[in-house]
Amino acid sequence: MEFQFYWFAGLILIGAAVGGGTNILAIQMLLRPHNAKYIGSFQVPFTPGLIPKRREEIADQLGTMVEEYLITPEGVARKIFEGEFLEEAEGRIKVILETFLQQELTVEDWLKEHIGDTWSTKAAREAYERAIKGKMLVFFNDYKNKKINDMLQEEWKDKIEDYIPEISAKVLEKGEEYFQSPEGRDQVDQMVSRFFETKGSFGGMIGRFTQRVSFSSLVSKELTKLFRDERAHEYVTYWIRREWHEMLEKTPEDYIKADKLEENVHYLVQTIVDETPIIGEWDRPLKEWAHQYEKVITYTMLPAFVDGFTQVAERQLKSVMKRIGIKGIVSDQVNNFPLENLEEMVLKIAKRELKMIAVLGALIGAVAGLVQALFILFIS
Numbered sequence: 021m022e023f024q025f026y027w028f029a030g031l032i033l034i035g036a037a038v039g040g041g042t043n044i045l046a047i048q049m050l051l052r053p054h055n056a057k058y059i060g061s062f063q064v065p066f067t068p069g070l071i072p073k074r075r076e077e078i079a080d081q082l083g084t085m086v087e088e089y090l091i092t093p094e095g096v097a098r099k100i101f102e103g104e105f106l107e108e109a110e111g112r113i114k115v116i117l118e119t120f121l122q123q124e125l126t127v128e129d130w131l132k133e134h135i136g137d138t139w140s141t142k143a144a145r146e147a148y149e150r151a152i153k154g155k156m157l158v159f160f161n162d163y164k165n166k167k168i169n170d171m172l173q174e175e176w177k178d179k180i181e182d183y184i185p186e187i188s189a190k191v192l193e194k195g196e197e198y199f200q201s202p203e204g205r206d207q208v209d210q211m212v213s214r215f216f217e218t219k220g221s222f223g224g225m226i227g228r229f230t231q232r233v234s235f236s237s238l239v240s241k242e243l244t245k246l247f248r249d250e251r252a253h254e255y256v257t258y259w260i261r262r263e264w265h266e267m268l269e270k271t272p273e274d275y276i277k278a279d280k281l282e283e284n285v286h287y288l289v290q291t292i293v294d295e296t297p298i299i300g301e302w303d304r305p306l307k308e309w310a311h312q313y314e315k316v317i318t319y320t321m322l323p324a325f326v327d328g329f330t331q332v333a334e335r336q337l338k339s340v341m342k343r344i345g346i347k348g349i350v351s352d353q354v355n356n357f358p359l360e361n362l363e364e365m366v367l368k369i370a371k372r373e374l375k376m377i378a379v380l381g382a383l384i385g386a387v388a389g390l391v392q393a394l395f396i397l398f399i400s
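Under my numbering, the first residue of the sequence shown carries the number 21, and numbering increases by one thereafter.
No wet-lab data here; the hints were simulated from the structure. Note that the structure is predicted; figures quoted are calculated from it, not measured. All residues carry an ideal CB built from backbone N, CA and C; glycine is no exception. Do not rely on the hints blindly, as some may be mistaken.
[Said to hold, decoys possible] Straight-line C-alpha distance at most 20 Å; calculated SDA-like pairs for lysine to any residue:
hint, residue 1, residue 2
1, Lys155, Ala143
2, Lys280, Tyr163
3, Lys99, Thr330
4, Lys342, Glu94
5, Lys73, Phe357
6, Lys375, Thr42
7, Lys164, Gln48
8, Lys99, Gly111
9, Lys164, Val285
10, Lys347, Arg75
11, Lys155, Ile168
12, Lys371, Thr42
13, Lys114, Ala324
14, Lys270, Trp176
15, Lys57, Leu70
16, Lys190, Thr92
17, Lys142, Tyr287
18, Lys241, Arg205
19, Lys142, His286
20, Lys371, Gly41
21, Lys142, Glu295
22, Lys142, Leu288
23, Lys342, Gly95
24, Lys371, Ile44
25, Lys114, Gly328
26, Lys190, Gln200
27, Lys347, Thr92
28, Lys338, Gly328
29, Lys99, Val332
30, Lys179, Glu269
31, Lys194, Trp259
32, Lys245, Ala189
33, Lys57, Arg74
34, Lys375, Leu33
35, Lys73, Glu88
36, Lys315, Arg112
[Claimed, not checked] Estimated spans, in silico, between C-beta atoms of each pair:
hint, residue 1, residue 2, range
37, Lys114, His253, 57 to 63 Å
38, Phe66, Val387, 25 to 31 Å
39, Phe105, Leu383, 46 to 52 Å
40, Ile180, Thr119, 44 to 50 Å
Using the sequences and the accompanying hints, generate a full structural model.
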């Protein structure tokens, strides 16, 4: 009986040892040895381990899987453009802009501080002026003998024709406002005084008399009536329309002579640049002028820029990711990753599961040993 018990126990223990040991050896062979082993010139079988041996293939397959299934353009686009990321980015840009627009520095000073002398507002302004001047000179030389009427589109001319009555009304309105203002009345007083002073001593006496009775106020009232008169509106409209038609029949050379072209264009370009938003002001500290553009930049230009950038980025994301080569990056990283660290990482992550595999092997080996013991007992 004792003999049978020892046989039973021995076979079960041997089976458990073989099963568990085999699994432990198989697990070890996945990661070790890291390099091929040789006996003389003969390479020991199963060296290096499975993962070190197939490292390049694993890296290539892993790179393919990451590029095609894990980090896809669609997934990246969803993460960037359809969540809090974009809102947070826009908020951060707003804060940066608000801080930038409140600085005491000029644009030139800020550029020198952050990017050095590689770019300057002076150079930018000069380039801008040269570009405009060049375009204007080319335009003048190409069209100097061409009538303005032939250069304008019919649609533009029709719109200007329709707008002339409104221009007349504006002219008369501004004239009435001026002569009703203290400045306008003072101007009338001076005109009346000068008129009578040119008429000798008698005229001077009349002039002093008119000052007492405020003759200029009477003139202002009559001018006001004139400005409000319908016939005045018709005459001014007729006069503006006639001037407009005469201008259409002229050429650019009628207004700017060739010998004065350079000077006039230079003056015009200077005026245009001085009146151009930001460019005409960036020699002053940002805090003095940037606030007037803050709302436009923050609430109009910035959202438009973000939307435009988002659309372009979404269209280009796939090709950009292809050019970056995620597969190659992953493959290189896996190939260059130290095997010792890889082994440590695998054991740290799957230590419990690997133990269970060894235990399961031992359990299966023990069952196999029990079956063998029962079989021996049965046949004996």
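Status of each hint after checking the structure:
1. Lys155 - Ala143: 18 Å, holds
2. Lys280 - Tyr163: The given pair, whose Cα atoms are some 16 Å apart, holds under the 20 Å limit.
3. Lys99 - Thr330: The given pair, whose Cα atoms are some 12 Å apart, holds under the 20 Å limit.
4. Lys342 - Glu94: 13 Å, holds
5. Lys73 - Phe357: Cα-Cα ~14 Å, so holds.
6. Lys375 - Thr42: With Cα atoms ~13 Å apart, Lys375 and Thr42 stay inside 20 Å; holds.
7. Lys164 - Gln48: Distance of about 90 Å is beyond 20 Å: violated.
8. Lys99 - Gly111: Answer holds: Lys99 to Gly111 is near 17 Å, not above 20 Å.
9. Lys164 - Val285: Distance of about 13 Å is within 20 Å: holds.
10. Lys347 - Arg75: It holds: about 15 Å lies between the C-alpha atoms, which stays within 20 Å.
11. Lys155 - Ile168: Holds, at about 17 Å.
12. Lys371 - Thr42: 17 Å, holds
13. Lys114 - Ala324: Between Lys114 and Ala324 the Cα gap is close to 13 Å, so the pair holds against 20 Å.
14. Lys270 - Trp176: 17 Å, holds
15. Lys57 - Leu70: 13 Å, holds
16. Lys190 - Thr92: Violated - the C-alpha atoms of Thr92 and Lys190 are around 62 Å apart, more than 20 Å.
17. Lys142 - Tyr287: This hinted pair holds, its Cα atoms lying about 18 Å apart.
18. Lys241 - Arg205: Holds, at about 10 Å.
19. Lys142 - His286: 17 Å, holds
20. Lys371 - Gly41: It holds: about 16 Å lies between the C-alpha atoms, which stays within 20 Å.
21. Lys142 - Glu295: Distance ~16 Å between Lys142 and Glu295 Cα, so the pair holds.
22. Lys142 - Leu288: OK: Lys142 and Leu288 at ~18 Å, within 20 Å.
23. Lys342 - Gly95: Distance ~14 Å between Lys342 and Gly95 Cα, so the pair holds.
24. Lys371 - Ile44: 12 Å, holds
25. Lys114 - Gly328: 16 Å, holds
26. Lys190 - Gln200: Within the cut-off at roughly 15 Å; holds.
27. Lys347 - Thr92: 11 Å, holds
28. Lys338 - Gly328: Holds: Lys338 and Gly328 sit about 17 Å apart, inside 20 Å.
29. Lys99 - Val332: 16 Å, holds
30. Lys179 - Glu269: 18 Å, holds
31. Lys194 - Trp259: 17 Å, holds
32. Lys245 - Ala189: 14 Å, holds
33. Lys57 - Arg74: 16 Å, holds
34. Lys375 - Leu33: 18 Å, holds
35. Lys73 - Glu88: Distance of about 25 Å is beyond 20 Å: violated.
36. Lys315 - Arg112: The hint holds at about 16 Å.
37. Lys114 - His253: 57 to 63 Å: Since the Cβ atoms of Lys114 and His253 sit about 50 Å apart, the hinted range of 57 to 63 Å is violated.
38. Phe66 - Val387: 25 to 31 Å: 27 Å, holds
39. Phe105 - Leu383: 46 to 52 Å: 50 Å, holds
40. Ile180 - Thr119: 44 to 50 Å: 46 Å, holds
Hints 7, 16, 35, 37 from the list above are not met by this structure, while the remaining hints are.
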